[in-house]
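Trainee: Now for the letters of each chain:
Protein chains: 2
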Amino acid sequence: MRHRTNQEMSAVWMVKVVGLGLVAISLSVELLGWLGRRLRPRKIRNEVLFFPSEMSCVEHIVNPNSPYTCLCPFPHGVETSFSRLLRILLSASSTLDLCVFAFSNMDLCRAVLALHNKGVIMRVLTDKDYAAITGSQIGVLRKAGICVRCDGGSRGSVYMHHKFAVVDGRLLITGSLNWTLQAVQANMENVLVTEEPDLLRPFIKEFDRLWVCNEPGQHHSLGT
Amino acid sequence: MRHRTNQEMSAVWMVKVVGLGLVAISLSVELLGWLGRRLRPRKIRNEVLFFPSEMSCVEHIVNPNSPYTCLCPFPHGVETSFSRLLRILLSASSTLDLCVFAFSNMDLCRAVLALHNKGVIMRVLTDKDYAAITGSQIGVLRKAGICVRCDGGSRGSVYMHHKFAVVDGRLLITGSLNWTLQAVQANMENVLVTEEPDLLRPFIKEFDRLWVCNEPGQHHSLGT
Chain A
1 MRHRTNQEMS AVWMVKVVGL GLVAISLSVE LLGWLGRRLR PRKIRNEVLF
51 FPSEMSCVEH IVNPNSPYTC LCPFPHGVET SFSRLLRILL SASSTLDLCV
101 FAFSNMDLCR AVLALHNKGV IMRVLTDKDY AAITGSQIGV LRKAGICVRC
151 DGGSRGSVYM HHKFAVVDGR LLITGSLNWT LQAVQANMEN VLVTEEPDLL
201 RPFIKEFDRL WVCNEPGQHH SLGT
Chain B
1 MRHRTNQEMS AVWMVKVVGL GLVAISLSVE LLGWLGRRLR PRKIRNEVLF
51 FPSEMSCVEH IVNPNSPYTC LCPFPHGVET SFSRLLRILL SASSTLDLCV
101 FAFSNMDLCR AVLALHNKGV IMRVLTDKDY AAITGSQIGV LRKAGICVRC
151 DGGSRGSVYM HHKFAVVDGR LLITGSLNWT LQAVQANMEN VLVTEEPDLL
201 RPFIKEFDRL WVCNEPGQHH SLGT
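One line per chain: the protein sequences are A and B, in this order.
For the first sequence, the UniProt record's numbering gives the first residue as 1, with consecutive numbering after it.
For the second sequence, the UniProt record's numbering gives the first residue as 1, with consecutive numbering after it.
Isolated chain A (complex conformation):
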């Protein structure tokens, strides 16, 4: 084996160092890309709607396949807090858990029925006293075959006062707004829409707890 000169050795080592450097750079670039993807916060949906909502026609949202043009006197094609709420609700594709004190708004009732007809699995939890008042749409939902459970009325003047919905187990809709015409069109109200897991998860858990507690014929402790 012949002895290599110093110059030859330097060149060989230089090639090794440069090669190693290139490998290190390419690995670093890959690692940085992976870290960037992993650490970048995923954009979580958060939205707030305020009421009273402006009046507008929502026929095209609740009944998008109708062949008829709506002739109602309200402005058409205007996006309002209420039309936004309807769109968010109607985005449900698998489940809708609804926990609402007062439910008399007919457009919201039509939206819920449309989801039921589309095959969305629905659970409705409402207040016993309010479910029985004139104008409540709870009877309509029951007649359509939607599973409804009542809470509150059996324990004196205690109300199931929540106003929240969980869409597809991924989106929470909650706030001060009861599902009534008065709340939508007249009162100062808020509705908060969020995918934030730390807010969503407790509501899912609480819905399940209340749902089990109010199984017909069952007597469960309601301790919180």
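Hint data in this document are derived by calculation from the structure and do not stem from the laboratory.
Be aware that one or more of the hints could be misleading.
Claimed, not checked - In silico DSBU-like cross-links for lysine-lysine, where the CA-CA straight-line distance does not exceed 30 Å: (1) K16(B) to K16(A); (2) K205(A) to K128(A); (3) K205(A) to K43(B); (4) K43(B) to K128(A); (5) K43(A) to K205(B).
As the list claims (entries may be wrong) - Partial selection, computed: residues in chain B whose CB lies under 7 Å from chain A: (6) N46; (7) F50; (8) A186; (9) P202.
Stated by the list, open to error - Ranges of calculated distance between the beta carbons of each label pair, as one might list FRET restraints: (10) L181(B) to E79(A): 39 to 45 Å; (11) G217(B) to S94(A): 51 to 57 Å; (12) G139(A) to R40(B): 47 to 53 Å; (13) R87(B) to P75(A): 43 to 49 Å; (14) Q185(A) to E215(B): 47 to 53 Å.
We put the beta carbon where it would ideally sit given N, CA and C, even for glycine.
Since the structure of chain A is already known, use the hints to place chain B on it.
Mentor: Same frame as chain A, now just chain B:
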């Protein structure tokens, strides 16, 4: 200058490569740490409280400097949804904007008065009709010198139905819970606590809008 042997050359280059490697590793560790700090999403506070709250003594929270031991019959030192809500409210150090339909809970009133006495700047917006009913604490707040404005009553059966508070312009407290004893101790209710800017900002804006709209003697449009 003497010629170095191949072995000597290899050793010199080996030292160079190892040195370069060590520098690269230490730089990488520093870069990863920086990236981690920069890209890790800041932990935003999100919390949900459900009611009815268990009954417990809240004297030590509302009146922490009292020299007396509370002798009330409720459990002492128990953390409940209500004690948590009180603690969060009492964390206010500069401002509290309160927008609540019904305010008759005396412990919440004491908490608000304690904040006022501490120098926290307070703005209270409430419903005109509810402010006038027996048991409402709005008169007590007014007498203490807290700035209160009313909304709703002047426009027929329209309610200022919000139930939210903004603490120090950084924390939103909102939900279904009116500030009454019934809501805290009996009803099924929720309170959501969040620092999430996308949820907080709209509430701050809406409070300011309603505050200006309800300036005494002013007539502003309430269009949303």
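Trainee: The structure should be examined with respect to each hint, and the outcome stated for every one.
Mentor: The hints, checked one at a time:
1. K16(B) to K16(A): Answer holds: K16(B) to K16(A) is near 12 Å, not above 30 Å.
2. K205(A) to K128(A): holds (21 Å)
3. K205(A) to K43(B): holds (22 Å)
4. K43(B) to K128(A): Since the Cα atoms of K43(B) and K128(A) sit roughly 40 Å apart, the hinted pair is violated (cutoff 30 Å).
5. K43(A) to K205(B): holds (22 Å)
6. N46: holds (4 Å)
7. F50: Where the cut-off is 7 Å and the nearest Cβ of chain A is about 5 Å from F50(B), the hint holds.
8. A186: OK, holds: A186(B) within 7 Å of chain A, min 5 Å.
9. P202: holds (4 Å)
10. L181(B) to E79(A): 39 to 45 Å: Given about 40 Å between the Cβ atoms, the range holds.
11. G217(B) to S94(A): 51 to 57 Å: At roughly 53 Å between Cβ atoms, S94(A) and G217(B) fall inside 51 to 57 Å, so the hint holds.
12. G139(A) to R40(B): 47 to 53 Å: Holds, since G139(A) and R40(B) (Cβ atoms, about 51 Å apart) stay within the stated range.
13. R87(B) to P75(A): 43 to 49 Å: holds (47 Å)
14. Q185(A) to E215(B): 47 to 53 Å: The hinted range 47 to 53 Å is violated for Q185(A) and E215(B), with Cβ atoms some 25 Å apart.
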